[in-house]
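Protein chains: 2
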Amino acid sequence: MSESNQTPSKADETELLQLRQEIDQLDQEILNLISRRAQCALRVAEVKMKADPGQAVFYRPEREAQVLSRVMERNPGPLGNEDMARLFREIMSACLALERPLEVAYLGPEGTFTQQAAKKHFGQWVKTKPMPAIDEVFREVDAGAVQYGVVPIENSTEGVVNHTLDTFITSNIKIVGEVELRIHHHLMAGPNTNRDKITRVYSHQQSLAQCRKWLDAHMPQAERIAVNSNAEAARRVQGEWNSAAIAGEMASELYDLEIIETKIEDSPDNSTRFLIIGAQEVDTSGADKTSLVVSMRNEPGALYHLLKPFNDFGVDMTRLESRPSPSGNWTYVFFIDFVGHTRDANVQEALSAIRKTAVEVKVLGSYPKGVL
Amino acid sequence: MSESNQTPSKADETELLQLRQEIDQLDQEILNLISRRAQCALRVAEVKMKADPGQAVFYRPEREAQVLSRVMERNPGPLGNEDMARLFREIMSACLALERPLEVAYLGPEGTFTQQAAKKHFGQWVKTKPMPAIDEVFREVDAGAVQYGVVPIENSTEGVVNHTLDTFITSNIKIVGEVELRIHHHLMAGPNTNRDKITRVYSHQQSLAQCRKWLDAHMPQAERIAVNSNAEAARRVQGEWNSAAIAGEMASELYDLEIIETKIEDSPDNSTRFLIIGAQEVDTSGADKTSLVVSMRNEPGALYHLLKPFNDFGVDMTRLESRPSPSGNWTYVFFIDFVGHTRDANVQEALSAIRKTAVEVKVLGSYPKGVL
Numbered sequence: 001m002s003e004s005n006q007t008p009s010k011a012d013e014t015e016l017l018q019l020r021q022e023i024d025q026l027d028q029e030i031l032n033l034i035s036r037r038a039q040c041a042l043r044v045a046e047v048k049m050k051a052d053p054g055q056a057v058f059y060r061p062e063r064e065a066q067v068l069s070r071v072m073e074r075n076p077g078p079l080g081n082e083d084m085a086r087l088f089r090e091i092m093s094a095c096l097a098l099e100r101p102l103e104v105a106y107l108g109p110e111g112t113f114t115q116q117a118a119k120k121h122f123g124q125w126v127k128t129k130p131m132p133a134i135d136e137v138f139r140e141v142d143a144g145a146v147q148y149g150v151v152p153i154e155n156s157t158e159g160v161v162n163h164t165l166d167t168f169i170t171s172n173i174k175i176v177g178e179v180e181l182r183i184h185h186h187l188m189a190g191p192n193t194n195r196d197k198i199t200r201v202y203s204h205q206q207s208l209a210q211c212r213k214w215l216d217a218h219m220p221q222a223e224r225i226a227v228n229s230n231a232e233a234a235r236r237v238q239g240e241w242n243s244a245a246i247a248g249e250m251a252s253e254l255y256d257l258e259i260i261e262t263k264i265e266d267s268p269d270n271s272t273r274f275l276i277i278g279a280q281e282v283d284t285s286g287a288d289k290t291s292l293v294v295s296m297r298n299e300p301g302a303l304y305h306l307l308k309p310f311n312d313f314g315v316d317m318t319r320l321e322s323r324p325s326p327s328g329n330w331t332y333v334f335f336i337d338f339v340g341h342t343r344d345a346n347v348q349e350a351l352s353a354i355r356k357t358a359v360e361v362k363v364l365g366s367y368p369k370g371v372l
Numbered sequence: 001m002s003e004s005n006q007t008p009s010k011a012d013e014t015e016l017l018q019l020r021q022e023i024d025q026l027d028q029e030i031l032n033l034i035s036r037r038a039q040c041a042l043r044v045a046e047v048k049m050k051a052d053p054g055q056a057v058f059y060r061p062e063r064e065a066q067v068l069s070r071v072m073e074r075n076p077g078p079l080g081n082e083d084m085a086r087l088f089r090e091i092m093s094a095c096l097a098l099e100r101p102l103e104v105a106y107l108g109p110e111g112t113f114t115q116q117a118a119k120k121h122f123g124q125w126v127k128t129k130p131m132p133a134i135d136e137v138f139r140e141v142d143a144g145a146v147q148y149g150v151v152p153i154e155n156s157t158e159g160v161v162n163h164t165l166d167t168f169i170t171s172n173i174k175i176v177g178e179v180e181l182r183i184h185h186h187l188m189a190g191p192n193t194n195r196d197k198i199t200r201v202y203s204h205q206q207s208l209a210q211c212r213k214w215l216d217a218h219m220p221q222a223e224r225i226a227v228n229s230n231a232e233a234a235r236r237v238q239g240e241w242n243s244a245a246i247a248g249e250m251a252s253e254l255y256d257l258e259i260i261e262t263k264i265e266d267s268p269d270n271s272t273r274f275l276i277i278g279a280q281e282v283d284t285s286g287a288d289k290t291s292l293v294v295s296m297r298n299e300p301g302a303l304y305h306l307l308k309p310f311n312d313f314g315v316d317m318t319r320l321e322s323r324p325s326p327s328g329n330w331t332y333v334f335f336i337d338f339v340g341h342t343r344d345a346n347v348q349e350a351l352s353a354i355r356k357t358a359v360e361v362k363v364l365g366s367y368p369k370g371v372l
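Just so you know, the protein sequences line up as chains A and B, in that order.
Reading the first sequence from the start, the letters are residues 1 to 372 in the UniProt record's numbering.
Reading the second sequence from the start, the letters are residues 1 to 372 in the UniProt record's numbering.
All the pointers check out, no bait thrown in.
According to the in silico footprint, chain B covers these stretches of chain A (three or more CB under 8 Å from chain B):
{"#": "1", "region": "25-32"}
{"#": "2", "region": "37-44"}
Within a straight-line C-alpha distance of at most 25 Å, the following computed SDA-like cross-link-like pairs (lysine to any residue) qualify:
{"#": "3", "chain 1": "A", "residue 1": "K127", "chain 2": "B", "residue 2": "A231"}
{"#": "4", "chain 1": "B", "residue 1": "K369", "chain 2": "B", "residue 2": "P309"}
{"#": "5", "chain 1": "A", "residue 1": "K263", "chain 2": "B", "residue 2": "L102"}
{"#": "6", "chain 1": "A", "residue 1": "K263", "chain 2": "B", "residue 2": "A145"}
{"#": "7", "chain 1": "A", "residue 1": "K263", "chain 2": "B", "residue 2": "P101"}
{"#": "8", "chain 1": "B", "residue 1": "K362", "chain 2": "B", "residue 2": "Y304"}
{"#": "9", "chain 1": "B", "residue 1": "K50", "chain 2": "A", "residue 2": "S9"}
{"#": "10", "chain 1": "B", "residue 1": "K120", "chain 2": "A", "residue 2": "H184"}
{"#": "11", "chain 1": "A", "residue 1": "K120", "chain 2": "A", "residue 2": "S271"}
{"#": "12", "chain 1": "A", "residue 1": "K120", "chain 2": "B", "residue 2": "E82"}
{"#": "13", "chain 1": "A", "residue 1": "K127", "chain 2": "B", "residue 2": "N75"}
{"#": "14", "chain 1": "B", "residue 1": "K10", "chain 2": "A", "residue 2": "L42"}
{"#": "15", "chain 1": "A", "residue 1": "K120", "chain 2": "B", "residue 2": "Q28"}
{"#": "16", "chain 1": "A", "residue 1": "K10", "chain 2": "B", "residue 2": "K48"}
{"#": "17", "chain 1": "A", "residue 1": "K127", "chain 2": "B", "residue 2": "I264"}
{"#": "18", "chain 1": "A", "residue 1": "K197", "chain 2": "A", "residue 2": "W241"}
{"#": "19", "chain 1": "A", "residue 1": "K197", "chain 2": "B", "residue 2": "R139"}
{"#": "20", "chain 1": "B", "residue 1": "K48", "chain 2": "B", "residue 2": "G286"}
{"#": "21", "chain 1": "A", "residue 1": "K127", "chain 2": "B", "residue 2": "K263"}
It should be emphasised that the hints constitute simulated quantities derived from the structure, not laboratory data.
Please read these numbers as outputs of a predicted model, since none were measured by experiment.
Ideal Cβ placement from N, Cα and C applies to all residues, glycine included.
Chain A on its own, in the form it takes in the complex (with noise of 0.2 Å):
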């Protein structure tokens, strides 16, 4: 048979070059694909800039989320959705910087998770600009210093960060997007840390819950204690012996510890929400959600007939919380997200109906649901 007689080597390696030139033949017309859409991208800016050049505006995140969840929809594999639409989204962000470079400020510190938001959001093209607060990232925003900013709102760990809720009440800046970002926990210790000589585990009391099962599988004997923040653990556990905490990946590097085992969290969907917010309104992509700051006097049945419009009108609210008023006067503030735009009739039915129970009603944004 001459078939056995050929080495297997020699036909693989006879694949091995034929796949490459293939691939090679690909990325040629993937480098001319890619070129010819960033003139598109230049000339509407140029249009854009001609039409009206101190306003043009370049980013879109309508345009963007709907150009993210088509190319998550039509995905033939074998790349997952979420990788297909991550190319794009640095593709996008490669062009947009071609026709003006996206500043973005975030809030800084403690929050470098709030800048990989940022860059999961506007891809790595964006400049990002560290802030030291969550109102500077709204005053930087309302300067017109950047366009726009990322700020963190709701935290799996910490719960919402009421910072930035407040903020809004009396803020002009509107929300234009929101992006989550899965966060995972680990063990982490100092290098001279024996990993069954650990007496004591410190973190974030949350985070404590949300690793139980791990702890009492691996760590039965080990004390749990709660603290202020992973943070906080991270920082403790560097000058003890006999003790690990659990925290994020940041933690073990500001911290010089070391990761004893990662992702110990009991439910993979631990998320931290931000919201990007600017000045521009947003259009309809499709798929949007929309965020309202309601006053409601406190008198019997108020919180009843704020939400009754939301049923009437088949209007699917996601997210209620509430907060004291900032100005005291016996009032509650409500801070509600739901499904939908400003511009969908029910949701403007649903709108009118609140205004005329509400002491007042502001909305802080229609924006797309986050894609990634």
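Position chain B against the provided structure of chain A, taking the given hints into account.
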């Protein structure tokens, strides 16, 4: 004139719509081509696994360098060559993760820049693992716990990273690649510091030197104080009211400082070089470098004898560093980088000439020159 009757905004809108349709069409084609590329990559992995299930190597540094160089050569614009190469880096990174996710150890804490270098070299799909010390990065690669490591080798503010050099002397790990990061210097201070009242500027001596012109022009009255590192400068400024630090963006985040002025370095090409280390030997890419360690006896003319063969055989030396020998027996150790691959004829001739006079010659690796 009928043309002038047509409002420009209507014509513009039509063109914008057409451009968007064209972009959507291009995206569809790009999507299909990237998917076909991923399919090819998967098939490559299958063939390699069939041929050599235990030892199959999926990441080929010379092949990646070739792809990126070709992309940059053929790039028709308008995207810059580096931008286009970064996009292809991500496409390759996503395809490679499909075959088998790449794991890379890097020097952790101080060197968050090192992680940045790892992502720049391997793309966003790589899994990075922080290690507390350079020799632990080597050990992790040696043990096969990760496929590659990333360590700093030259830093324009700190000079050569001697610890990395020394570790190569005793290790069998090879250099498989190099990557450069451009590093910017910013002036930063605490949030309560008034720019006009700054009387002291802290930084590493070399950073102060690199920002001399800017300091002369804008802060001639401020005292310049050299400290151990830029991170140390940032840490100090935290507690002082009239002081500023010169450091990188990461330091401002870590120590909660505000950036007063960005990119104050006199020369814009301030950069840090990192090495990619691994167990494999790398084929020629066509644009390679080689690194050597040579031990010489301390006798008259030793350095001349070492350098002459490079000149004789037309080998272009790019770096020469001398270090005291760790064995301490009156020998010198030289670290040499030159252009070329150990498979090149002239390199082989030069090496055999050097071997005649040197106590020991150790090739640390031939690897593709950094493309990005």
